[in-house]
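Asks: One-letter residues, chain by chain:
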Amino acid sequence: MITGIQIVVIIFSLFMFYVTFLHFKKRELSLGEALFFSLLWLGAIFLTVFPKSIDFILKTFRIYRLLDLATIVGFAVLIGLSFKNYLEIKDLKKKLEKIVREKALKEIK
Amino acid sequence: MPKEKSDFAVVIPAYNEAERIGKVLQEAQKYASLIIVVDDGSTDQTAKVAQKFKVKVLRHQINLGKGAALKTGCEAAFGMGAKIVVAMDSDGQHKPEDIPRFIKTLKEKKVDLVLGSRNPSVGMTLIRILGNKIDSFLIARFFGIYVTDPICGFRAFTKKAYQKLAWESPGYAVETEMVAKAGLEKLSFVEIPIETLYTDKYKGVSILDAYKVLFDVFKWRFLK
Numbered sequence: 000m001i002t003g004i005q006i007v008v009i010i011f012s013l014f015m016f017y018v019t020f021l022h023f024k025k026r027e028l029s030l031g032e033a034l035f036f037s038l039l040w041l042g043a044i045f046l047t048v049f050p051k052s053i054d055f056i057l058k059t060f061r062i063y064r065l066l067d068l069a070t071i072v073g074f075a076v077l078i079g080l081s082f083k084n085y086l087e088i089k090d091l092k093k094k095l096e097k098i099v100r101e102k103a104l105k106e107i108k
Numbered sequence: 018m019p020k021e022k023s024d025f026a027v028v029i030p031a032y033n034e035a036e037r038i039g040k041v042l043q044e045a046q047k048y049a050s051l052i053i054v055v056d057d058g059s060t061d062q063t064a065k066v067a068q069k070f071k072v073k074v075l076r077h078q079i080n081l082g083k084g085a086a087l088k089t090g091c092e093a094a095f096g097m098g099a100k101i102v103v104a105m106d107s108d109g110q111h112k113p114e115d116i117p118r119f120i121k122t123l124k125e126k127k128v129d130l131v132l133g134s135r136n137p138s139v140g141m142t143l144i145r146i147l148g149n150k151i152d153s154f155l156i157a158r159f160f161g162i163y164v165t166d167p168i169c170g171f172r173a174f175t176k177k178a179y180q181k182l183a184w185e186s187p188g189y190a191v192e193t194e195m196v197a198k199a200g201l202e203k204l205s206f207v208e209i210p211i212e213t214l215y216t217d218k219y220k221g222v223s224i225l226d227a228y229k230v231l232f233d234v235f236k237w238r239f240l241k
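Protein sequence lines, in the order shown, are assigned to chains A and B.
Counting with my numbering, you get residues 0 to 108 for the letters of the first sequence.
Counting with my numbering, you get residues 18 to 241 for the letters of the second sequence.
What the hints contain is simulated information worked out from the structure, not anything from laboratory work.
Quick reminder that beta carbons are idealized off the backbone N, C-alpha and C, glycines included.
Please note: incorrect hints may appear among the correct ones.
Claimed, not checked - Sample of chain B residues at the chain A side, in silico, Cβ under 8 Å:
#1 GLN68
#2 VAL74
#3 LEU75
#4 ARG76
#5 ALA85
#6 THR89
#7 VAL128
#8 LYS177
#9 GLN180
#10 ALA183
Claimed, not checked - The list that follows gives simulated cross-link-like pairs (lysine to aspartate or glutamate, DMTMM-like), each with its CA atoms no further than 25 Å apart:
#11 B/LYS73 with A/GLU96
#12 A/LYS94 with B/GLU114
#13 B/LYS229 with A/ASP67
#14 B/LYS176 with A/GLU96
#15 B/LYS100 with B/GLU114
#16 A/LYS83 with B/ASP233
Construct the complete structure from the given sequences, taking the supplied hints into account.
Replies: In structure tokens:
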């Protein structure tokens, strides 16, 4: 019997697959990027429809439910992305400050 | 206005101070021949008002923060041959008539840094006094330098001191970072009492800025 969560995940994944396709058509994503994300969304649909397919992973890590694994992986990805964003913003701020200050010094009145 | 070429410059970072900067510059001109205003991306007429006076005006295209503006002003000042910079605020909080005292103290005491110290019983809210005390305590604890008013923006320093201070904070933490670096670099300093006038309780360092500065003090001590 299919549950509500499974329906939500399938619909969301199909929607994200479509969004990925649109960005690929606009050339905002390369073929490699589009394929990577598409595999991600398709993988999510596959796991949702066949949750027992990765029982061996769940048993190895003593995780009881696929949803728990998804939550853990989700948090890890979010934390990793936050850290990456922190570094990139820090770098951008430094570069921006350098450009703005140099311009101001050149145009002293 | 001093006619002879002096060896110091007054650097005034400014952000949206079109209403007040004119009066500040009018007074400051009596005590300094080289005044540099850094308009930090103001959305009002700050730069235009400043340009009416015999001062140098630099303009940041976007707002970067007090620390960045002060750095730009100092680089311009030392690039123009100044050996000393007096930094002061643009909101009329500091009295330009104190400028000569900073220069005199710096030269007579032969120190790297002269820091202004405000009278806490005049116009300072309890929150600000408490914040200042916490700041002073932490800086003394972590950097071995006790300053009664580490966030007062009225200060003077030599070119040599500026090169050692080399602050990174683009925002309001610049004043605290300068004191922390002065402690780390073992720069000589003197504090002089100054009078202040609080014109706008919502401008300047807010409680959110204060929390950020507090966080920065721990960051400089433990993460650098």
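Asks: Has the given pair, A/LYS83 with B/ASP233, been kept, meaning a C-alpha gap of at most 25 Å?
Replies: holds, 20 Å
Asks: Holds or violated: B/LEU75 as interface residue toward chain A, Cβ cutoff 8 Å?
Replies: For B/LEU75, the interface hint holds, since the closest Cβ of chain A sits about 4 Å away, which is under 8 Å.
Asks: Does B/ALA85 pass the interface check with chain A, least Cβ-Cβ distance below 8 Å?
Replies: holds, 5 Å
Asks: Hold the hint about B/VAL128 up to the distance rule: shortest CB distance to chain A must be less than 8 Å.
Replies: violated, 28 Å
Asks: Does the nearest C-beta of chain A fall within a distance shorter than 8 Å of the C-beta of B/VAL74?
Replies: holds, 5 Å
Asks: Hint validation: B/ALA183 versus chain A, beta carbon distance must be below 8 Å. Holds or violated?
Replies: violated, 14 Å
Asks: Quickly compare the C-alpha distance for A/LYS94 and B/GLU114 to 25 Å and report which way the hint goes.
Replies: violated, 38 Å
Asks: Do the alpha carbons of B/LYS229 and A/ASP67 lie within 25 Å of each other, as the hint requires?
Replies: violated, 36 Å
Asks: Min Cβ distance, B/LYS177 to chain A: is it shorter than 8 Å?
Replies: violated, 21 Å
Asks: Minimum Cβ distance from B/THR89 to chain A below 8 Å?
Replies: holds, 5 Å
Asks: Answer holds if the nearest beta-carbon of chain A is closer than 8 Å to that of B/GLN180; otherwise answer violated.
Replies: At 17 Å from the nearest chain A Cβ, B/GLN180 fails the 8 Å test, so the hint is violated.
Asks: Does B/ARG76 meet its interface restraint, that is, does its C-beta lie within less than 8 Å of any C-beta in chain A?
Replies: Holds, about 6 Å.
In summary, the structure is inconsistent with hints 7, 8, 9, 10, 12 and 13 from the numbered list given earlier, while agreeing with the others.
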